[in-house]
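Dock the two chains into a complex; use the hints.
So the protein lines, in turn, are chains A and B. Position 289 of the first sequence, counting from 1, maps to 300 under my numbering, and the rest follow consecutively. Position 163 of the second sequence, counting from 1, maps to 171 under my numbering, and the rest follow consecutively.
Hints are supplied without guarantee of correctness; some may be wrong.
[Stated by the list, open to error] One side of the interface only, derived from the structure: several residues of chain B facing chain A at Cβ under 7 Å:
1) R60
2) Q62
3) L195
These are calculated hints, taken from the structure and not from any lab test. Beta carbons are placed, not taken as given, at the ideal position from N, Cα and C, and that holds for glycine.
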Amino acid sequence: MRPAFSVVLLTTLIGAGQGLFLALYAVELAAHARLRPMPGAAFFAGGAAIALALCAAGLVASIFHLGQPLRGWRAAACWRTSWLSREIVALPLFMAGVSVWGLAHFAAAGNTAALGAGAAVLAVALFVCTGMIYASLRLLQEWATPLTPVNYALLGSASGTALAAAYAGFVLPPLAAPLAGAELLLTAAGAATRTAALVRNRALRPRSTLQTAIGIPHPQIAQRAQGLMGGSFNTREFFHGATPRKLRAVKWSFLLLAFALPLVLLAAGSASAPVLAAAFLIQYAGLLAERWYFFADANHPQNLYYQTIS
Amino acid sequence: MTQLALVIDLNVCVGCHACVTSCKEWNTSGSAGALADFNPYDADPTGTFFNRVQTFEVGTYPDTQTVHFPKSCLHCEEPPCVPVCPTGASYKRAEDGIVLVDYDKCIGCKTCAWACPYGVREQDEKRGVMTKCTLCVDRIHDAALPARDRQPACVLACPTSARLFGDIHDPASAVAVAIRDQAGYALMPEQGTRPANRYLPRRRTAIALHADDLVRAENPLRVDGAEPGPAFPHGATEDFAT
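Chain B with its partners taken away, still in its complex shape (with noise of 0.2 Å):
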């Protein structure tokens, strides 16, 4: 069973907003109509997005690191907001495991944004019904585009490769690989939820530096046989160095 989801992961991304506005300009130009935007110009604006990324503060001053959170739809395995939609508008595809909201047939009764422990569901204010990330369901499977624009626009658009988009079903698909390889974990498991879209943690980056590792160990000019002595005539740590 294919279950297609997002990885996304903390140590790259710079918290630049790029897929915030991507998503937002592809998902407010589809078929669905706009995305709500209420006092886009003026003071306190707001309107309907399906990606945020948010900004966290871990740990305490000087010892802290900032970490860049983006949050959009999980694609839960077990989505809670599935099974309390009174009208079937709420739903998880069969064929890819997106989450979906049918807009003609939701009545905008905010239950599913009540079930979902993430508050990745915003309701249109405009529209009147419940709006979601899709995965860029109407890009990702359009064979128009080429091979490798059929991804959410979110991905596409993130400078650092912080997203991953894939099959986390399929073990040998780079989203399983990453989630396997880089510890790559679900928000709030005592939910019960089962997100179907994962974070890899942020990894400590140190680099070991021997003071060899900064000159050349051995002369590259020895083809003219008035080579100089070795710069640490005791061998170096890495002697095939050139």
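Chain A on its own, in the form it takes in the complex (with noise of 0.2 Å):
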């Protein structure tokens, strides 16, 4: 598949919002069990303001991948059947649920907790239905594991929780060092999943063949001719144009960008506030190579059609 860059900042925007939204509510819940000093509100409010920024920005991105954007509206209609549909109704309402959040902290209103408890509700089920989007394609052999909504939810959370340290690194520096512990062990189960993602797909063997594609069971088969010469839709939409040696080095940079490099910033244990930023920087900059790499990593079996120009 041709990774589109407005998804690639789609998904990696709005996870990074949902993972600092349950990264500052769990801050919260550990405060009411009295781990932790209740921070205050201007705390939560600002946090609820930048994961609210992060969100809009991803809608904005989102938005370049449509055809007919000032339709986008109608996406809403088919929740019942369409992950992509689900997914554009719960991002609005995780969105409202973070404003309400933020603005009962805002307002010194009481039941933040209650209030953030439904906003980490459609958090989660916001993971849940990006990953699905991917996950229910059967055909894109790929994507169609549980793995793949299993590493939206521990990436997102794992750079929300990233930012959410790096916030605190600023404003309230005595939280910094309790959520880049959370940051690591998160970056250290994203790491897990998306290895066992990437072994688990170099595994795979195609369900579909040139045999079943045209229902010629002959082993020696060649396309000649795919119908035109100028290129089509079928041959810019599934293909990405990567050489072998590009795909590896952004395998590899991803790996060690968003996995490993913070991983060892924050083992260094400098809970610092610039540290704890560049740990952040870095980890999204790595995955934004991640999520260009699960597209083009998934290959579609139309491809078997359009294999020769000539």
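Written as structure tokens, this is what we have:
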């Protein structure tokens, strides 16, 4: 598949927004359980604003994916069958939930824990919806695995927690160390499940072949013409066009940037704001590469029909 | 339940692309607006087509067969493109089984094209919506046309009658008979889409010719009573041949 930058940005930005909210809500719950002192209302309200900004940026990026952006509102119609529709319902609901939670903190209204619980459920639901858009496409074998939504949830949570740790580093330093610890655990878990997906996908055998594609059970079939000479939607949308060398380079750079480097930075133990900010930025860059690779790695069966131009 | 579909005879298709051009002509002139064309008279022409003819070479030279393979939407009975659509623009008609896109509802998110294993949906990059074969839905039900013209443009254009059109659920229809008698098959059955369109396989065409088939076994000029002796005095393979 050709990685669309709009979708790469959308999924990484809202993932970080969801993770940031979940990290802040965990801080609030920990304070309610008297594990830690309760941070001030401004800390939560500011964090909610950052999470909202990330989701809004993701929404703007997603508009560039649509051929008819002005009709985007229609996408909420088929939530009964379509995971994309469910995502498009869940995202504004999650943003509304975070807004209410942040405003409740800002206005010092009570019951923020209950309000946050609703938004937290929506955050998790949104992770599931985003992941299932891809995991539900059975024909794309690289995506059709429970590891796909798990990775979306873990990687989003890790980068959001990284942002929460950096945010705390700047405005509430005592909270930075525990958040950095959570970030370390989530990043390690995400590294494990993402690597598991890579290992799984290496062993895949394509379900469809050129023989089943045209229904001729002969071992030797070669395409001589695909019915067009200047390319088509099918040759543009489903091929990434990158060399195997570039693909390998992207894979190793995301393993390095999204997992190895942040883990080294965090394990070094310094919970200073600049280090945590660097860990977030490096990991986010790595996740951009990770999402690019996620798309490029998927082999669409329609490509069997588009192998030779002449 | 009616399920309209095409049956394409790979034994007969000569790869002339008449179905491609007639499809484009009919569908670019419809009420939905013109199908996109970019650089039509320049290098790298590209654009939206609902139907493509591809060519495959089967076997190793010199024992090869050239297979021309027309490919358009298969109007699956379990269309994977329909449930993934977030707006309901992609749908399958209950009355005749045609899978269609409502161009006024489509937001151009391309998810349906991702869900289709056959690569038969093409995003129209000028209109920003997904397009695909409609089985000429604006033609086959048009009572203003003579009955013989109420067929998809590709079927009418095919000079070798390689394309049959009809209701595959009606066991007496020409398409159902062709599928039954000539082993019509579906593409990528492993994807579980149950395509309505079927393909008739290549057949080995052989004629057993005997020497006596090439001459008249009996002289038709026997009326004058001076019949020469038979060419095959010991009897021919078909003694009723004249």
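Regarding the hint that L195 (chain B) lies at the interface with chain A, is the smallest CB-CB distance below 7 Å?
At 6 Å from the nearest chain A Cβ, L195 (chain B) passes the 7 Å test, so the hint holds.
Given hint R60 (chain B) near chain A, where the shortest CB pair must fall under 7 Å
It holds, given that the least Cβ distance between R60 (chain B) and chain A is near 3 Å, below 7 Å.
Tell me if Q62 (chain B) is really an interface residue toward chain A, meaning its C-beta lies closer than 7 Å to one of theirs.
holds (5 Å)
The structure shown violates none of the earlier numbered hints.
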